[in-house]
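J.: The primary structure of each chain is shown beneath.
Number of protein chains: 2
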Amino acid sequence: MLPPAFATPDVPPLPAALLDELTNLLGSRLSLAASVREHHGQDISALDPMPPQAVAFVNHLDEIIAVQQACHRHRVPIIPYGSGSSLEGWVHALHGGVCIDLSSMNQILEIRVDDMDATVQPGVTRKQLNAALHGTGLFFPIDPGADASLGGMAATRASGTNAVRYGTMRENVLALNAVLADGRVLQAGGRARKSSSGYDLTHLLVGSGGTLATVAELTVKLHPIPEAICAAICNFPSVDQAVRTVIQAIQLGVPIARIELIDALTVRALNAYSKTQLNEAPGLFFELHGSQSSVKEQVETIRLLADEHGGQDFEWAVHPEDRSRLWQARHDGYFAALALRPGCRALTTDAVVPISRLAECIEATAADLREQELLAPIFGHVGDGNFHAVILVDPDSPDELQRAEAVAQRLAQRAIAMQGSCTGEHGVGLTKQGFMGLEHGQHAMDAMAAIKAALDPRQLMNPGKIFPRGPVAN
Amino acid sequence: MLPPAFATPDVPPLPAALLDELTNLLGSRLSLAASVREHHGQDISALDPMPPQAVAFVNHLDEIIAVQQACHRHRVPIIPYGSGSSLEGWVHALHGGVCIDLSSMNQILEIRVDDMDATVQPGVTRKQLNAALHGTGLFFPIDPGADASLGGMAATRASGTNAVRYGTMRENVLALNAVLADGRVLQAGGRARKSSSGYDLTHLLVGSGGTLATVAELTVKLHPIPEAICAAICNFPSVDQAVRTVIQAIQLGVPIARIELIDALTVRALNAYSKTQLNEAPGLFFELHGSQSSVKEQVETIRLLADEHGGQDFEWAVHPEDRSRLWQARHDGYFAALALRPGCRALTTDAVVPISRLAECIEATAADLREQELLAPIFGHVGDGNFHAVILVDPDSPDELQRAEAVAQRLAQRAIAMQGSCTGEHGVGLTKQGFMGLEHGQHAMDAMAAIKAALDPRQLMNPGKIFPRGPVAN
Numbered sequence: 001m002l003p004p005a006f007a008t009p010d011v012p013p014l015p016a017a018l019l020d021e022l023t024n025l026l027g028s029r030l031s032l033a034a035s036v037r038e039h040h041g042q043d044i045s046a047l048d049p050m051p052p053q054a055v056a057f058v059n060h061l062d063e064i065i066a067v068q069q070a071c072h073r074h075r076v077p078i079i080p081y082g083s084g085s086s087l088e089g090w091v092h093a094l095h096g097g098v099c100i101d102l103s104s105m106n107q108i109l110e111i112r113v114d115d116m117d118a119t120v121q122p123g124v125t126r127k128q129l130n131a132a133l134h135g136t137g138l139f140f141p142i143d144p145g146a147d148a149s150l151g152g153m154a155a156t157r158a159s160g161t162n163a164v165r166y167g168t169m170r171e172n173v174l175a176l177n178a179v180l181a182d183g184r185v186l187q188a189g190g191r192a193r194k195s196s197s198g199y200d201l202t203h204l205l206v207g208s209g210g211t212l213a214t215v216a217e218l219t220v221k222l223h224p225i226p227e228a229i230c231a232a233i234c235n236f237p238s239v240d241q242a243v244r245t246v247i248q249a250i251q252l253g254v255p256i257a258r259i260e261l262i263d264a265l266t267v268r269a270l271n272a273y274s275k276t277q278l279n280e281a282p283g284l285f286f287e288l289h290g291s292q293s294s295v296k297e298q299v300e301t302i303r304l305l306a307d308e309h310g311g312q313d314f315e316w317a318v319h320p321e322d323r324s325r326l327w328q329a330r331h332d333g334y335f336a337a338l339a340l341r342p343g344c345r346a347l348t349t350d351a352v353v354p355i356s357r358l359a360e361c362i363e364a365t366a367a368d369l370r371e372q373e374l375l376a377p378i379f380g381h382v383g384d385g386n387f388h389a390v391i392l393v394d395p396d397s398p399d400e401l402q403r404a405e406a407v408a409q410r411l412a413q414r415a416i417a418m419q420g421s422c423t424g425e426h427g428v429g430l431t432k433q434g435f436m437g438l439e440h441g442q443h444a445m446d447a448m449a450a451i452k453a454a455l456d457p458r459q460l461m462n463p464g465k466i467f468p469r470g471p472v473a474n
Numbered sequence: 001m002l003p004p005a006f007a008t009p010d011v012p013p014l015p016a017a018l019l020d021e022l023t024n025l026l027g028s029r030l031s032l033a034a035s036v037r038e039h040h041g042q043d044i045s046a047l048d049p050m051p052p053q054a055v056a057f058v059n060h061l062d063e064i065i066a067v068q069q070a071c072h073r074h075r076v077p078i079i080p081y082g083s084g085s086s087l088e089g090w091v092h093a094l095h096g097g098v099c100i101d102l103s104s105m106n107q108i109l110e111i112r113v114d115d116m117d118a119t120v121q122p123g124v125t126r127k128q129l130n131a132a133l134h135g136t137g138l139f140f141p142i143d144p145g146a147d148a149s150l151g152g153m154a155a156t157r158a159s160g161t162n163a164v165r166y167g168t169m170r171e172n173v174l175a176l177n178a179v180l181a182d183g184r185v186l187q188a189g190g191r192a193r194k195s196s197s198g199y200d201l202t203h204l205l206v207g208s209g210g211t212l213a214t215v216a217e218l219t220v221k222l223h224p225i226p227e228a229i230c231a232a233i234c235n236f237p238s239v240d241q242a243v244r245t246v247i248q249a250i251q252l253g254v255p256i257a258r259i260e261l262i263d264a265l266t267v268r269a270l271n272a273y274s275k276t277q278l279n280e281a282p283g284l285f286f287e288l289h290g291s292q293s294s295v296k297e298q299v300e301t302i303r304l305l306a307d308e309h310g311g312q313d314f315e316w317a318v319h320p321e322d323r324s325r326l327w328q329a330r331h332d333g334y335f336a337a338l339a340l341r342p343g344c345r346a347l348t349t350d351a352v353v354p355i356s357r358l359a360e361c362i363e364a365t366a367a368d369l370r371e372q373e374l375l376a377p378i379f380g381h382v383g384d385g386n387f388h389a390v391i392l393v394d395p396d397s398p399d400e401l402q403r404a405e406a407v408a409q410r411l412a413q414r415a416i417a418m419q420g421s422c423t424g425e426h427g428v429g430l431t432k433q434g435f436m437g438l439e440h441g442q443h444a445m446d447a448m449a450a451i452k453a454a455l456d457p458r459q460l461m462n463p464g465k466i467f468p469r470g471p472v473a474n
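Protein chains in written order, with UniProt numbering: chain A, 1 to 474; chain B, 1 to 474.
Bear in mind the hints are in silico, worked out from the structure with no lab data behind them. Among the hints, a few may not be true.
Claimed, not checked - No more than 30 Å apart at the CA atoms, straight line, and that leaves these computed lysine-lysine pairs for BS3-like:
| no. | chain 1 | residue 1 | chain 2 | residue 2 |
| --- | --- | --- | --- | --- |
| 1 | B | Lys221 | A | Lys296 |
| 2 | B | Lys221 | B | Lys127 |
| 3 | A | Lys127 | A | Lys221 |
| 4 | B | Lys296 | A | Lys221 |
| 5 | A | Lys221 | A | Lys296 |
| 6 | A | Lys221 | B | Lys275 |
| 7 | A | Lys275 | A | Lys296 |
| 8 | A | Lys275 | A | Lys127 |
| 9 | B | Lys296 | B | Lys275 |
| 10 | B | Lys296 | B | Lys127 |
| 11 | B | Lys275 | B | Lys221 |
| 12 | A | Lys296 | B | Lys296 |
Said to hold, decoys possible - Just a few of them, taken from the derived set where beta-carbon distance is under 10 Å, the chain A residues facing chain B:
| no. | residue |
| --- | --- |
| 13 | Ala175 |
| 14 | Arg191 |
| 15 | Arg341 |
| 16 | Arg345 |
Claimed, not checked - Calculated Cβ distances over 10 Å to all of chain B for the following chain A residues:
| no. | residue |
| --- | --- |
| 17 | Ala192 |
| 18 | Ser197 |
| 19 | Gly207 |
| 20 | Gly253 |
| 21 | Ser291 |
| 22 | Gly310 |
| 23 | Glu321 |
| 24 | Ser421 |
| 25 | Arg458 |
Cβ coordinates follow ideal geometry from the N, Cα and C atoms, glycine included.
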């Protein structure tokens, strides 16, 4: 399922001198094995793998520096790798090169309860950090589906279900150390909660997907675990009614922690997969955080607003196990979708629009899918205006794949026309490059390319990503 | 009071051809008058003015482009100017050049209530925007002391008293259009609440202080006006006790909207200036936002925590007029400080540290001030770890000025050593350049300089700012 535009060009073999250097440095932690390379040349998308030429398993900052210096000297591409759980082809070795696997750099270096921040190595995963926070009264909120590494989440500017309240990686990375292609270590940001000191290198690196530097350490914000949490689901006569409920709740200042929309087809998939008995109608999953009385009040407001918009069949869950059961259904969404059509593969979209246009965008997309006779449950982070259509395609049908890609393309264009973005949380990687010019305009793309050239003049960091017809290494 | 290091180098007169072009374009809106130039060569700091060679009053984006294209062709510096209310020498024409006054570009282009955002021209001030929001149920929270222009606030990454709840300009600018030195218009960001699409040019421009581009239009987030607001003051036996109260409140998840610390000397100044009868002890000003019952609950929590730390003499204010009276005293802080010593000028510091180090940083600074026999009320945004010492100096005493500058220098170094920053909200401008290397390290400074060179290769945009021994134009 890799579009032909991304066929690997002829890549020369790695220089023997480079292999010698890296072997001297890492010993058996430099792998040339086909299975290891193949594993590191793919993410969890449906894209066919494009293996790197070698995988360097590093344990220390000094090893990242040494590997990159060697690659830089030999003008060989460098691809940082966290947990491989990204989408959109971020780790595909389009131009060959050396993959730097950071998963062993997984130490939690410091947790500072008073300052509500933590400094971690890039291979620490979000669940690992939350386990380490046990007993502090704090948590790290950002939850993409997978148990992703924090370095990778910073690189892709990841988010998840509670960005509406707690922000994305953009809002939650305070500082990071990153290794430029030539081995220089860039220190970006600091631990102060705000600063006006110079250019914002932190935000430049967050979301740059390894195309500027390798994240070697990061400091993230932590948040207080709320005293009370209440979850709920309910359904609505239409997507529009559900979205209007959310808009009004946000305008009233209800500090909703999570607010997820599922369409009727997703409900059908969940009922089959998770044995739920939900009404086959568009639904909202809520989660409300706060003190006991504040959550009670939020519940009342939400209920009132939902009533006004035809919301019904409310199911509330206050106890942790009930909440987990409820949210498990939502988290099953992707697999429930896949199970709707055994043997299929999924093409997942990631459009985001201003919330006032969300219902319209979803409805136009659903109509397009119907017209193309494609099965695609839709769910998403309605508080952010971000939703995913999981388009189920027969991997053996080029025609179906083509129709699915055309729908995804029209959706990206539709989102951009509504002043939104082609990608809310997955990033550009390989697959969204075609929309970059349309979304940002030529001058912004030129500025991004100029910044890339300024920080990585040999174009070695994760080449072929983000930029249309991405810069070619060597 | 301009340090000799910033003495204007010899600046050649503006080329006659450039003056002809600009006059043809703007007519009487190009001013060479000494008074106009002097006015545009200073901010509200105590720095002596450094006038630009001409001031261009522009009305349209097209005029910004045309002025910059002409300056670019003649290699003449360009200095964007909003309301002149910045500190730290942002608008001083260190290398001469043309000042672009954007204050007439003050149209509010669109307010979108459902999406809670507004698109404005750069000369719109924060009070003007809030007046226009009347009746929408929304407000724009960021409140530096002055009624600054939003373009200038974006350029300096400004904040104010409620950043602890609502963020700074960093968190509140969604998108902007900015004119590069050569006249190309960069479109950065979009109206989606989140996006992972390419490099984050918005955050690169926010805080760049006109050294990369001129902000020509911006889209900012708006927030719901809370149903209930309650303000309070109380005092504490020590700064440490006050800060510990704030740390615990934040850790408990109390969504404090404003939390301002004043030291005993500031209280004395306020009592004299604003005719208040506050105890001469460190104090906290609070403001709590939420629903009626949530605010009530926040009040109780704060009260409990303050009690534990010796907080006393609580004065609560719920009615708008009582709140205004209370906050007026806090807002009078700067002028009350100046009134402590008639005829003095103020050297204002802007350090920010992780909140766990705040009390220690303030106490070390207060000790240094006492040792140097300098009078300097201290107040600040304790929720962010940011505070200002207003050092009152006799403008006719070089010795006193030197001592004050040495204290400010030690404070910046102390803040950086505590993993904080030399500037929380004023920016680097001219006066904080000396600390940039220490705070960011050489590699980060090199990266910033490389980005500057990539986007402004002729080094024409606001030259001499941010970078130590700033790049010289021409």
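J.: Which hint numbers doesn't this structure obey?
T.: 6, 11, 15, 16, 17, 18, 19, 20, 21, 24
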